[in-house]
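**Student:** Next come the chains, spelled out residue by residue.
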Amino acid sequence: MIRRFIGTVFVLLLPVTALAADATEIMKKSQAAFLYPGIDFKARVVMRLTAKGGQERTRELTMLRKNYGLPGGNQKYFIYFFKPSDVRDMTFMVYKYPAKDDDRWLFVPSINLVQRIAASDSRSSFVGSDFTYEDVSGRDVESDEHKLVKDEACGGRECHVIESVPKGGTNYSKKVSWIDKASLLPMKEEYYDVRGELDRTFTSDEVMDVEGHPTVTKRTMKNLKSGHRTEAAFEGVKYDVGIKDDFFSERYLRNPPKELIQ
Amino acid sequence: MFAFIRKFSLVDFSVNHPWLVVIFVLAITAAFSTQFPKAQIDTNPKHMLPETSDVRVWNDEVDRTFGLYEDVLVLGIVNKRGVLNRETLGKIVRITDEILKTKGVAARDVSGFPTITNVSAEDGTLKVAPLMAEAPKDEAEIGALEKTLFENPLFVDHIISKDGKTTALYIPLEKGANGKEIADRIREITAKEKGEEEYYVAGDPVARDTFGADMFRLMAIFAPIAGFLMFAARYLMFRDAFLSIALMMDAMIAIVWSLGLLIGLGFPIHIMSSMAPVFLMAIATDSIHIFNEFYFRYRESGDKRAAIIDTMRTVGRPVRYTALATAAGFVVLIFMHIVPVRVFGGLIAFGTIALRILSFSFIPAMFVFAGEVKLKEASAGEDIGTGRTSRFLRGLAHIGVHRPKVVIATGVLLIVVAIVGISKIRINNNMIDWFKHGSEIRTADRVLNNALGGTSLGYIVAISDREDFIKTPGAMNYIKDLQRDLEKLPNVGKTFSVVDYVKRINRVLHGDDPQYNVVPDSKETIGQYLFLFSMSAKPSDLDSVVDYPFQRANIWVQLKTWDAKAMEDVIEAVDAYKSAHPIPMEFKPAGIAYFNLVWNSTVLNDMLKGFILALVAVLAILILNFRSFKCALVSFAPLVFTVLVIYGFLGFIGKDFDMPISVLSCLSLGMAVDFAIHFMGRFRLRLSEGGLEDRESIANALLWTAARPGKGIVRNATLFAAAFSVMLLAKLTPYITVGAFIVAMMTLSALMTMITMPALIILMRGWLPKGGSI
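Chains A and B supply the protein sequences, listed in that same order. Residue numbers for the first sequence, in my numbering: 4 to 265. Residue numbers for the second sequence, in my numbering: 552 to 1325.
Chain A on its own, in the form it takes in the complex (with noise of 0.2 Å):
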């Protein structure tokens, strides 16, 4: 009887502690699937920002990614720029760190200059886009407390619910998402102001298998506030290209070879 009675509890118990720690590993191996697969991943980005009022602009870039260490590690990140057409032959490239900022250079062709660039903030926005630099690479898991708040259905998929609220110094107060139990990727995701209102939301559009990684190929992030949108599809998906580790350098950033940036 009292035996039972101590299971019980233990069995009330375990759920609390238990989830955060589930949430918490979730959103580990989403992490992982969503922005870590295959030692290296090359893609073509075709990028629409659209204002409120219907105006847009498009970016058009490759992106090329390797990983250095476990998922959630060290990453490096090279960006060459086909569109605006007059910034072509313009590079970025950014050596991302989980636990401190960024290093960036730029290559601005008109002026032959490397410049570096500070990366005080992580929340600012991708190429003019409503992505942030983390929304593109990733935020540090162990930066929030996370909780699975409930499953559900969404679009189709069977989803964990998972909100996320930072330790603090961000500009955002609770991040809400919908991870695809089977892809483990995010299907939506939903940030909330430090007013408590509805910010941002963030929606993977299409998913594809490309070489046995599910990978989200078109996705849309809405700023609500602004009514500013940008879709970014991704085309010519590939992993394990290859990709050399002195690619990741000013001298390459100056003269890209052109097969790995076409």
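It should be emphasised that the hints constitute simulated quantities derived from the structure, not laboratory data. All values derive from a computational prediction rather than experimental measurement. Beta carbons are placed, not taken as given, at the ideal position from N, Cα and C, and that holds for glycine. Heads up, some of the hints might be wrong.
Think about it this way: if two alpha-carbon atoms lie no more than 27 Å apart in a straight line, the pair counts; the simulated BS3-like pairs of lysine-lysine are [unchecked claim]:
hint, chain 1, residue 1, chain 2, residue 2
1, A, K177, B, K1089
2, B, K1089, A, K225
3, B, K987, A, K150
4, A, K177, B, K987
5, B, K652, B, K987
6, B, K652, A, K228
7, B, K652, A, K170
Cβ-to-Cβ under 7 Å is the rule here; a few derived chain B residues that face chain A [stated by the list, open to error]:
hint, residue
8, K652
9, S1087
10, P1090
Knowing the structure of chain A, use the given hints to seat chain B on it.
**Tutor:** Here is chain B on its own, set in the frame of chain A:
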């Protein structure tokens, strides 16, 4: 015959069935008052122009293209010992944090020390980041901040004053947010901070929404006070509380009817229509002529019923024609452009007609209920031979009758002086000036305009027909030079454009060398700089100065005054620059300063056009009334004289011809002519009763008119002056203007009627038609 039935049957009916008439009138009033809870208030001057008006369509397009906000508040923080110290900067960060959390604030684009984008180079690293994300911890950090601030022309005069004592936080509001509520919330936030800093909240939305709130509060206070004063003045004149109340009810009923109709038809109450109660109260005082004559008649005959009917027969015509003239002055407004002006014209015209219907029904009915004993006592003083007022008035007319040439010569001289004054009138409008000099809002505006680039904002949009044209060095340098040219204007505090970013980036990428603070000479470089900037800055930083295809650039022009004239000067300067330096680009003004310029000149033009139309309409009514062009012209003279003298005076004292003044000009027409209608009508009636038309008889008839109906005129003018003098104590200047204007107008037109009309009639007696018959 028809006129006889229409006029007299209503009076007779009312006298015979007083209860029925009173109950019927009150029932209609109750029906109209059921509409009141539905009242909507709209104090936004923007809504003076329809959404489809060119300026609103264009301004909306500019707002959309550049992601701009219609409404921006400015919070000024002043520390006499300089704001660049740890305590003040700490407060700035705390206050900004709180403001960002305030509902209605467009947090993403609040611009001040903690949030503004700063492009700088430190140790070879380009940094595009908020200027001061957290308060500096030591003197070294403060020193660095100071250096950054004063080295960057984008910041000086914008977020930091040259003397370092004032900083500003620009707070854009989401659509539909109430500027006064947010300003109040900001004041609460700053009140929590102790210390020597002073805080000032300025900007168009706070002025506009505070004005709206104050306006209704003022109307709620002043309309009853004015009503009570009129009541008191009437009581002193007629010594009968019941009839004084009846006279006041007349005005109240007309106000309820008109506002009830306005609300019932679904119109919101605008700044202009909020003045309707006061206007109608003023117009209602015309019924005093009925009281005036009734008291004379009653004293003479002692028969109340006969006195009522005789009174109405005698004053009926002038009362009807003064009402017609007043209504005409407002009816012409219905044909104007601006919806609230049209609504206002219709509203007052309707109220005037309602008042007159009441004069012929409700008022006679109420006379029936008046106590005979009280009336006898009160009317005893009404004798034109012995009454003091009457003797004085007779004396005034005496001057006109016996010294006509001197009177007219003086009048002509005054008119000449007035015309000189009118030539000095400056058409302008400034909403901030609607608050008193020492008011919180005007003080805030003054302090910030003295210290920084200006609280009023206009835009000049440069438009090319080619994409990417703005990125060319030609366009960039042109915009830069245009900015320098505009900055020479006295009221332009600061200008700002995409070029300022390009120059800044050029300098920063070249080791912060001031020599590179110029536009680079290739379009490619400019494009790459802007791209680099857009990679890290807030999206709105670039969006607010250039459109997506780089075909349009937005030049921000900060103005140090809300004078509509200031933006007019900017537009003129742009046009002059463009014709001196041709370029395939078009430059179009926009923004709140431009809107204020347009709406205010539209209102003024409408009112001016209305004024001229009303002059013609009033003259036509005078001709219709007197069946004589010459008599009409003579009666027209006091009106023209009054209007000229008042506007001449405005010109001399340097008061701008603004929106409130322009609205008053229509009222002045309808009111200033009233006295002349009464005077001329009664004079001709008196003259025809005597049968003789020699100089002696004319002079006697004039003196009688001045003494008897003249007393009504003076009573009317006194009532007016009493009621409107209260408004001189208002805290919003347009109401003070209304008060002063009406007091002056009443006094002047009464005086002119009593002195110049007799003089004119005496001088022109040979020219005027014979036979006073009407």
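**Student:** Against this structure, judge whether each hint is valid.
**Tutor:** For each hint, the structure was consulted:
no.: 1; hint: A:K177 - B:K1089; verdict: holds (21 Å)
no.: 2; hint: B:K1089 - A:K225; verdict: holds (15 Å)
no.: 3; hint: B:K987 - A:K150; verdict: violated (57 Å)
no.: 4; hint: A:K177 - B:K987; verdict: violated (46 Å)
no.: 5; hint: B:K652 - B:K987; verdict: violated (32 Å)
no.: 6; hint: B:K652 - A:K228; verdict: holds (14 Å)
no.: 7; hint: B:K652 - A:K170; verdict: holds (19 Å)
no.: 8; hint: K652; verdict: holds (5 Å)
no.: 9; hint: S1087; verdict: holds (6 Å)
no.: 10; hint: P1090; verdict: holds (6 Å)
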